[in-house]
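Just so you know, the protein sequences line up as chains E and W, in that order. One rule links them: number in my numbering = place in the first sequence (from 1) + 18. One rule links them: number in my numbering = place in the second sequence (from 1) + 107.
Honestly, the hints are just simulated from the structure, not real lab data. Small disclaimer: the values here were computed from a predicted structure and weren't measured. Keep in mind that a hint or two might mislead.
Claimed, not checked - Distance condition first, Cα-Cα at most 30 Å in a straight line; then the derived DSS-like pairs of lysine-lysine: (1) W:600 / W:123; (2) E:30 / W:356; (3) E:185 / W:123; (4) E:185 / W:120; (5) W:123 / W:356; (6) W:356 / W:143; (7) E:30 / W:123; (8) W:600 / W:516; (9) E:30 / W:120; (10) W:143 / W:290; (11) W:143 / E:30; (12) W:593 / W:516.
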Amino acid sequence: MKARVRFAKEGKVRWTSHRDVARIWERALRRAGLPVAYTEGFSPRPRLSFGLALPTGYESDAEYLDVDLLDPIGSFATSDPGPDDPEARGPRAVGLDELPERFTTRLPVGFRATAVVAVEPGGGSLQEIVTSCSWAIALAGVDAARVADAAAAALAAPSLPLVRSRKGRETLDDLRPGLLALRAAPPTEEGRPVLLADLATQPRALRPSELLAACFADVAETLDITHRVRRTHQWIDCDGARREPIPVPATSFPHPTGVRA
Amino acid sequence: MTLWPQLEPLLAKVQKPARYIGCEDGSIVPVHGRDKTSWLLVYPDTYEIGLPNQGLQILYEVLNERPDAVAERAYAPWTDLEGELRRHRLPLFSVDGHRAAAEFDLLAFNLSAELVYTNLLNCVDLAGVPVRSEDRRPEHPLVCAGGHATFNPEPLADYVDLFVLGEGEEVVSEITAVVGEWKRAGRTEGSREHVLRRLAGVPGVYVPSMYDVAYEGAELRSVVPRYPDVPATIVKRTVGDLSEWPYPKQQLVPLTEVVHDRLSVEVFRGCTRGCRFCQAGMITRPVRERPAEQVRTMVRDGLLRTGYDEVSLTSLSTADFSGIERVVAETVGDTSLCGPTSVSLPSLRVDAFTVGIAAQVAKARRSGLTFAPEAGSWRMRQVINKLITEEDLYGAVESAFSEGWSRVKLYFLTGLPTETDDDTLGIAELARQCVAVGRRHTSRASVTVSLGGFVPKPHTPFQWFGQNSVAELRRKIMLVRDATVKARGVQLKWHDPAASLVEGLCSRGDRRVGRVIERVWRAGGTFQEWSEHFDLRLWEDAMTAEGLSLDWYVLRHRHQDEVLPWEHLSAGLHKDFLWQDWQDALAEHGVEDCRWTPCYDCGVCTGYGLEHVVASPAPPAGGSQGTGQDLSRGHEIPVRLTARPMPVTVPADTAVGVS
Numbered sequence: 019m020k021a022r023v024r025f026a027k028e029g030k031v032r033w034t035s036h037r038d039v040a041r042i043w044e045r046a047l048r049r050a051g052l053p054v055a056y057t058e059g060f061s062p063r064p065r066l067s068f069g070l071a072l073p074t075g076y077e078s079d080a081e082y083l084d085v086d087l088l089d090p091i092g093s094f095a096t097s098d099p100g101p102d103d104p105e106a107r108g109p110r111a112v113g114l115d116e117l118p119e120r121f122t123t124r125l126p127v128g129f130r131a132t133a134v135v136a137v138e139p140g141g142g143s144l145q146e147i148v149t150s151c152s153w154a155i156a157l158a159g160v161d162a163a164r165v166a167d168a169a170a171a172a173l174a175a176p177s178l179p180l181v182r183s184r185k186g187r188e189t190l191d192d193l194r195p196g197l198l199a200l201r202a203a204p205p206t207e208e209g210r211p212v213l214l215a216d217l218a219t220q221p222r223a224l225r226p227s228e229l230l231a232a233c234f235a236d237v238a239e240t241l242d243i244t245h246r247v248r249r250t251h252q253w254i255d256c257d258g259a260r261r262e263p264i265p266v267p268a269t270s271f272p273h274p275t276g277v278r279a
Numbered sequence: 108m109t110l111w112p113q114l115e116p117l118l119a120k121v122q123k124p125a126r127y128i129g130c131e132d133g134s135i136v137p138v139h140g141r142d143k144t145s146w147l148l149v150y151p152d153t154y155e156i157g158l159p160n161q162g163l164q165i166l167y168e169v170l171n172e173r174p175d176a177v178a179e180r181a182y183a184p185w186t187d188l189e190g191e192l193r194r195h196r197l198p199l200f201s202v203d204g205h206r207a208a209a210e211f212d213l214l215a216f217n218l219s220a221e222l223v224y225t226n227l228l229n230c231v232d233l234a235g236v237p238v239r240s241e242d243r244r245p246e247h248p249l250v251c252a253g254g255h256a257t258f259n260p261e262p263l264a265d266y267v268d269l270f271v272l273g274e275g276e277e278v279v280s281e282i283t284a285v286v287g288e289w290k291r292a293g294r295t296e297g298s299r300e301h302v303l304r305r306l307a308g309v310p311g312v313y314v315p316s317m318y319d320v321a322y323e324g325a326e327l328r329s330v331v332p333r334y335p336d337v338p339a340t341i342v343k344r345t346v347g348d349l350s351e352w353p354y355p356k357q358q359l360v361p362l363t364e365v366v367h368d369r370l371s372v373e374v375f376r377g378c379t380r381g382c383r384f385c386q387a388g389m390i391t392r393p394v395r396e397r398p399a400e401q402v403r404t405m406v407r408d409g410l411l412r413t414g415y416d417e418v419s420l421t422s423l424s425t426a427d428f429s430g431i432e433r434v435v436a437e438t439v440g441d442t443s444l445c446g447p448t449s450v451s452l453p454s455l456r457v458d459a460f461t462v463g464i465a466a467q468v469a470k471a472r473r474s475g476l477t478f479a480p481e482a483g484s485w486r487m488r489q490v491i492n493k494l495i496t497e498e499d500l501y502g503a504v505e506s507a508f509s510e511g512w513s514r515v516k517l518y519f520l521t522g523l524p525t526e527t528d529d530d531t532l533g534i535a536e537l538a539r540q541c542v543a544v545g546r547r548h549t550s551r552a553s554v555t556v557s558l559g560g561f562v563p564k565p566h567t568p569f570q571w572f573g574q575n576s577v578a579e580l581r582r583k584i585m586l587v588r589d590a591t592v593k594a595r596g597v598q599l600k601w602h603d604p605a606a607s608l609v610e611g612l613c614s615r616g617d618r619r620v621g622r623v624i625e626r627v628w629r630a631g632g633t634f635q636e637w638s639e640h641f642d643l644r645l646w647e648d649a650m651t652a653e654g655l656s657l658d659w660y661v662l663r664h665r666h667q668d669e670v671l672p673w674e675h676l677s678a679g680l681h682k683d684f685l686w687q688d689w690q691d692a693l694a695e696h697g698v699e700d701c702r703w704t705p706c707y708d709c710g711v712c713t714g715y716g717l718e719h720v721v722a723s724p725a726p727p728a729g730g731s732q733g734t735g736q737d738l739s740r741g742h743e744i745p746v747r748l749t750a751r752p753m754p755v756t757v758p759a760d761t762a763v764g765v766s
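Generate the whole structure from the sequences, applying the supplied hints.
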């Protein structure tokens with residue numbers, strides 16, 4: 019039995035790394051009292067599978083995690099005297115709909131579980147099935163007109179060359195095929211210009227910082243430390259149409275594209 | 108006021124930014140106020156090293172529970188962030204509320220080791236506070252320090268306003284009250300001297316500026332109080348009953364990787380095994396066990412609260428805890444903890460590590476096993492009073508390999524008093540024999556030998572001993588290396604003898620060494636306990652500039668009637684007890700553990716009106732238990748000292764049903 023969790027990461031905890039987030043979830047799942055399956059062998063670990071790593075410092079509305087569970091959903095034996103039910107020590111059944119809140123109360127402030135669904139086995143790992151991500155990029159040090167021009171120029175360009183390094187080797191790559199959509203959005207409350215970008219993750223993920231480096235080469239260094247990025251969606255291909263790993267009802271996003279301070 | 112908006116952009120430029128965000132489960136962002144004494148508890152090393160420190164976490168909770176105090180935490184920023192902070196004129200900050208360090212009433216440093224002394228100066232400077240006490244004014248925080256290294260605080264006497272000797276649980280409240288009055292009175296001009304003089308009267312508090320130091324040539328003559336109301340001798344603080352202090356109750360759960368990323372439950376304080384090289388064992392006496400029932404409650408509640416899958420039962424010698432096997436068995440066997448749970452036992456004595464404990468620990472994930480024979484020959488172990496036999500060691504190793512471990516780690520010291528090359532080479536021989544024992548169980552059996560240069564510490568019988576030179580320590584390490592390099596299954600690791608030399612200087616130095624520390628800091632010598640930053644040349648240059656000699660401070664033997672720089676500070680141990688024990692060491696004569704045998708009158712129990720608090724009147728079963736006799740059946744030693752029955756103070760509704 020596999021459960022898929024969507025969660026948000028925002029605020030100070032954006033500085034935790036992908037590895038940190040994995041450990042944070044391992045502890046939260048134990049605290050939630052879920053019967054997580056463990057790997058075999060000398061040093062058993064809980065069987066968790068994360069999607070594409072979110073770069074340290076970025077926020078997200080759309081992180082995903084698959085958890086292998088021993089029991090079918092709906093019959094969890096939990097023993098957790100958690101913050102919401104101090105009197106309920108001892109096993110009891112927990113429904114799927116209770117899980118997002120149950121997780122959120124056991125995660126550090128800044129992490130928020132927003133949906134949990136059961137997924138069929140054999141559907142492929144998140145790393146394999148996600149084909150693109152949507153990003154909201156709030157900039158500083160450039161004005162709105164410049165941002166709109168850069169977006170138009172990038173879309174019109176036949177190629178977007180950038181030197182990238184991978185495993186210590188530098189290669190000259192064309193980013194343009196990975197740029198699926200790009201447009202300027204209304205500025206943030208603090209007046210920062212915002213870019214909305216859809217970037218491919220296959221065959222190699224195009225990162226927002228790489229897009230900025232290609233589009234704003236002359237101010238790249240300032241941008242590098244001041245831009246704020248939020249992953250708003252991850253997308254999978256479903257018979258030619260794109261959809262999210264957990265289908266999102268329209269009401270469940272309190273702040274769909276806003277980049278919050 | 109929070110500095111977060113200014114700090115956050117810098118985090119994009121530094122390594123491991125999660126070290127600076129706080130947000131740990133268990134952390135507190137307290138509300139400051141004029142009626143609350145504010146403490147910034149600073150660990151002067153990186154977050155990864157400092158966060159797990161239990162002493163700091165205990166005081167953090169104890170202070171934040173008080174209505175008249177608030178406490179936040181800070182750690183030394185790594186060099187990349189320090190550079191950014193200085194470039195942007197930002198100060199040292201707390202990780203809880205991201206408040207500037209200078210806004211606190213007290214900067215309280217945890218000094219667990221000596222090589223962080225330059226980091227203390229750096230943190231004070233980064234806080235925007237003058238590094239020398241004499242230059243501070245009423246608007247500056249009081250700089251204080253506690254921890255094991257402060258049992259000789261003299262090297263930092265000109266830089267730290269007040270030191271606390273011993274355990275902090277009670278004394279922090281007394282300091283809070285005195286500093287609170289100072290704060291409410293407005294910290295007026297000239298009031299700093301006044302508040303320090305009042306603090307000098309708090310038991311366990313040492314205010315170095317209240318003492319005059321006299322030298323005669325190189326020799327220290329005296330350290331005497333300048334005023335009649337300032338005590339001539341400062342005596343350490345000791346908590347009588349550990350069960351009254353079940354802290355930390357809300358152990359911090361870091362969001363990023365730290366050195367000990369697991370639950371810790373302290374099972375006892377103090378140790379009377381009497382190892383003569385061990386400062387911790389001498390200065391933390393007497394033994395005070397936590398009741399087993401309280402240990403079980405703290406383990407279970409802590410695991411459920413934190414989500415950790417591992418608990419460490421901490422003490423100076425955890426296998427000595429009465430009923431250790433049962434506590435371990437109940438933890439790894441508790442099926443309500445949602446997944447496998449493992450127990451790690453630091454500081455295992457080989458003569459108390461039995462197959463029973465090995466089997467229990469092995470039930471969950473096996474972490475590394477470390478034993479500390481400390482010396483390679485029985486003669487040498489009698490000198491240092493680590494009275495474990497070769498049979499004890501092989502028995503423990505046998506237990507480990509037979510329960511499925513394939514690798515054990517052995518700690519040894521070299522450069523011990525009276526050590527001969529035969530003693531040193533005994534280390535290689537023991538390691539080879541341990542591998543041979545292991546090969547009977549698995550062909551993969553291996554032993555890692557960790558070899559450290561011995562640094563004599565204050566308040567131990569070896570405080571008079573002249574440390575081995577760097578060259579001599581190197582020679583001995585190479586002896587062991589040559590003897591093990593071809594031995595199958597033996598790996599050797601060693602500590603840098605040059606770092607041991609500097610540790611020796613700071614351990615037994617006097618006030619004059621302070622200027623050396625300041626010079627090294629000014630020359631950029633921070634993070635000296637990190638091998639990539641340690642620089643012996645900085646220290647040698649600073650010693651030369653101050654006209655001081657490393658030979659005199661570190662390498663010479665001290666004589667019996669010499670005034671030691673820490674003589675006005677007491678860990679409760681009689682000087683004649685330590686001297687007698689030093690003479691016994693030279694005579695290769697061991698003494699037994701006084702928990703279970705007659706008292707040697709070291710001074711601690713009698714001086715404090717305390718006694719050992721142990722649940723079992725006899726040593727645990729197995730091994731020779733430091734007596735050199737076969738005590739494998741255990742519980743048969745006649746006992747003269749009292750074993751106080753401990754009241755169990757666990758609320759009924761949280762009691763765990765165990766059989």
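Comparing the hints with the structure gives:
Between residue 600 of chain W and residue 123 of chain W, the direct Cα distance comes to roughly 28 Å. Compliance with the 30 Å bound is thereby established for this hinted pair. With a C-alpha separation of about 25 Å, the suggested pairing of residue 30 of chain E with residue 356 of chain W holds against the 30 Å cut-off. Proximity of residue 185 of chain E to residue 123 of chain W is assessed by CA-CA distance (about 20 Å); at most 30 Å being required, the pair is judged to hold. Distance hint between residue 185 of chain E and residue 120 of chain W is fulfilled; the C-alpha atoms sit about 21 Å from each other, no more than 30 Å.
Only pairs whose Cα atoms come within 30 Å are accepted, and residue 123 of chain W paired with residue 356 of chain W is accepted, the gap being roughly 28 Å. For the suggested pair residue 356 of chain W and residue 143 of chain W, the alpha carbons sit about 22 Å apart, so the restraint of at most 30 Å is met. For the proposed pair residue 30 of chain E and residue 123 of chain W, the alpha carbon gap of about 13 Å is at most 30 Å, so the pair holds. Pair hint residue 600 of chain W plus residue 516 of chain W holds up; C-alpha atoms about 10 Å apart against a cutoff of 30 Å.
For the given pair, residue 30 of chain E sits about 15 Å from residue 120 of chain W by alpha-carbon distance, which is consistent with the 30 Å threshold. The suggested pairing of residue 143 of chain W with residue 290 of chain W holds, with an alpha-carbon distance near 9 Å, which does not exceed 30 Å. A threshold of 30 Å between alpha carbons decides the hint, and for residue 143 of chain W with residue 30 of chain E the separation of about 27 Å falls inside it, so the pair holds. Pair hint residue 593 of chain W plus residue 516 of chain W holds up; C-alpha atoms about 18 Å apart against a cutoff of 30 Å.
Of the numbered hints stated above, none is contradicted by the structure.
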